Amino acid sequence: MNIYFKGLVVSLLLIAGMFTSCEDQPDKFELTGGLPQVSYIRMPYLAQSDSLIVEASLKSIICLVGDNLTSIKELYFNDQKAQLNTSYITSHTMIVQIPDNIPEEVSDKIYMVTAAQDTVEYGFHVIVPKPMIASMSCEYATAGSEVTLYGNYFIDDPNVPLTVTLPDGKQLTTFTKLTNSTITFRMPECDTEGSIRVASIYGESTSTFHYLDSRGLMFDFDGKTGLSNHGWHEREIKTDETSLTGNFVQLGDGTSKMSVDGAWNDGVFAFEYWCGSWDNPQNVTSGDGIALHNLVDFTDFANMALKFEMYIPTSNPWSAGAMQICFAGYDKVTLSGNPIEGFDGVVAGANAKVFNGEDGLGAYGRALYRPWMDTGSYDTGDKWVTVTVPISNFTLDRLGAAAESVPSSPGDFASLTFFVVGGGVNGTECTPIIKLDNIRAVPNK
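Letter by letter, the sequence shown follows residues -23 to -1, 1 to 422 of mature numbering (1 follows the signal peptide of the UniProt record, and there is no 0).
It is possible that part of the hints are untrue.
Here are the simulated lysine to any residue pairs, SDA-like style, with alpha carbons at most 25 Å apart [claimed, not checked]:
| # | residue 1 | residue 2 |
| --- | --- | --- |
| 1 | Lys360 | Glu170 |
| 2 | Lys58 | Tyr99 |
| 3 | Lys422 | Leu194 |
| 4 | Lys201 | Thr222 |
| 5 | Lys422 | Tyr99 |
| 6 | Lys36 | Glu170 |
| 7 | Lys360 | Leu149 |
Here are the in silico distance ranges between beta carbons for each label pair [said to hold, decoys possible]:
| # | residue 1 | residue 2 | range |
| --- | --- | --- | --- |
| 8 | Asn293 | Thr153 | 25 to 35 Å |
| 9 | Gly244 | Asp351 | 26 to 36 Å |
| 10 | Ser233 | Lys147 | 53 to 63 Å |
| 11 | Gln94 | Lys147 | 28 to 38 Å |
| 12 | Asn293 | Ile30 | 16 to 26 Å |
| 13 | Asp256 | Ser34 | 33 to 43 Å |
| 14 | Ala92 | Asp351 | 11 to 21 Å |
| 15 | Glu7 | Asp77 | 40 to 50 Å |
| 16 | Asn62 | Gly244 | 15 to 25 Å |
| 17 | Ser172 | Asp134 | 53 to 63 Å |
Just so you know, the hints here were simulated from the structure itself, not pulled from any lab data.
What you are looking at is a predicted structure, and each value in this text was computed from that prediction instead of being measured.
The beta carbon of each residue, even a glycine, is placed where N, CA and C say it ideally should be.
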């Protein structure tokens, strides 16, 4: 059963459970002779049964009403064949889902084919959505590099060519590869931050993500925020021929082994930013050690995502250990554990309890990022890619089970740790190099 048909069955069962189908207890289906006749089309829900329609969007579920509809063996919307479920076909009604595929030739007709191969037409317009832009392979792509936009409904019509407009106004119409769900092109010079627009014959959309996104920037390692290592370990901040925007932080050194179960090695595979200072009370409002929620607005954290650029060379792929990404409040970790003005709760000092499980903190929610699980090994093909982790995914404990508690207020976003360790799934021994840059928290809607 393919994904399309599964979706149709689920939708139809939902309709059947919440509403009465077009006819109660229809007889067992039998393909009949003769020609079908459609009188009108409506939505399948009884509450909308008096609303006749002459158009609907891709994937919409509609109800054909007429006579001898059991004579229909095949049904097409334009040139796209629909999946028919005989449980929802009677002589007078047919519930069917419009295919998700975009028609190559638009006739604005439904074609009903009988067992005798006779075809009956009925006028109906299928609405194709405007482009939907989901993501960009690298939101900091440099000039000359190949970049891909991902989404759907990227239609390049001969009469109305598809266009991509960059934040500086440059308009692109030539692409190295184009499908309904991807647009690949060489990135021209563009120093302007902002959204990307895609326009087709069906409309124009603007990305929610930004190219060169500086919103919610926490760590760029080039001095824009002034933040870097601020914990037990000083991971190397470096620059080399692979640099994207200057300096980056690197997890792994290319020789240190990551065991199959992701054994503990925080000296090589952890980046720690624990807010606070050695002052009494601690300074969490400015400078190195500022609480991240005092730098970035986490008020709407439920609709935000953590993003960063990542580079894993083909020479040192990643195949074991989960990248555990954990935000923490003052009660979980700070640099010194000294009091914090305005905070009445217990202030924790420097510790790794959310990762080693002491005092039950291993059950606190974090994200586990392990892209190597799909294929057994992962690298980025010697290029930088953008990684997006929705805050809503920070729901797992240190072993990958459901967490007992999760970040639930802006105050839970004071500190941040990346640590490749454990995670509850075994891989294969490796010596990975994982470069990270432009760590930020941004809106994802």
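Now for the hints, and whether the structure bears them out:
no.: 1; hint: Lys360 <-> Glu170; result: holds (21 Å)
no.: 2; hint: Lys58 <-> Tyr99; result: holds (15 Å)
no.: 3; hint: Lys422 <-> Leu194; result: holds (17 Å)
no.: 4; hint: Lys201 <-> Thr222; result: holds (12 Å)
no.: 5; hint: Lys422 <-> Tyr99; result: violated (39 Å)
no.: 6; hint: Lys36 <-> Glu170; result: violated (35 Å)
no.: 7; hint: Lys360 <-> Leu149; result: holds (23 Å)
no.: 8; hint: Asn293 <-> Thr153: 25 to 35 Å; result: holds (28 Å)
no.: 9; hint: Gly244 <-> Asp351: 26 to 36 Å; result: holds (29 Å)
no.: 10; hint: Ser233 <-> Lys147: 53 to 63 Å; result: violated (43 Å)
no.: 11; hint: Gln94 <-> Lys147: 28 to 38 Å; result: violated (52 Å)
no.: 12; hint: Asn293 <-> Ile30: 16 to 26 Å; result: violated (57 Å)
no.: 13; hint: Asp256 <-> Ser34: 33 to 43 Å; result: violated (59 Å)
no.: 14; hint: Ala92 <-> Asp351: 11 to 21 Å; result: violated (44 Å)
no.: 15; hint: Glu7 <-> Asp77: 40 to 50 Å; result: violated (29 Å)
no.: 16; hint: Asn62 <-> Gly244: 15 to 25 Å; result: violated (59 Å)
no.: 17; hint: Ser172 <-> Asp134: 53 to 63 Å; result: violated (23 Å)
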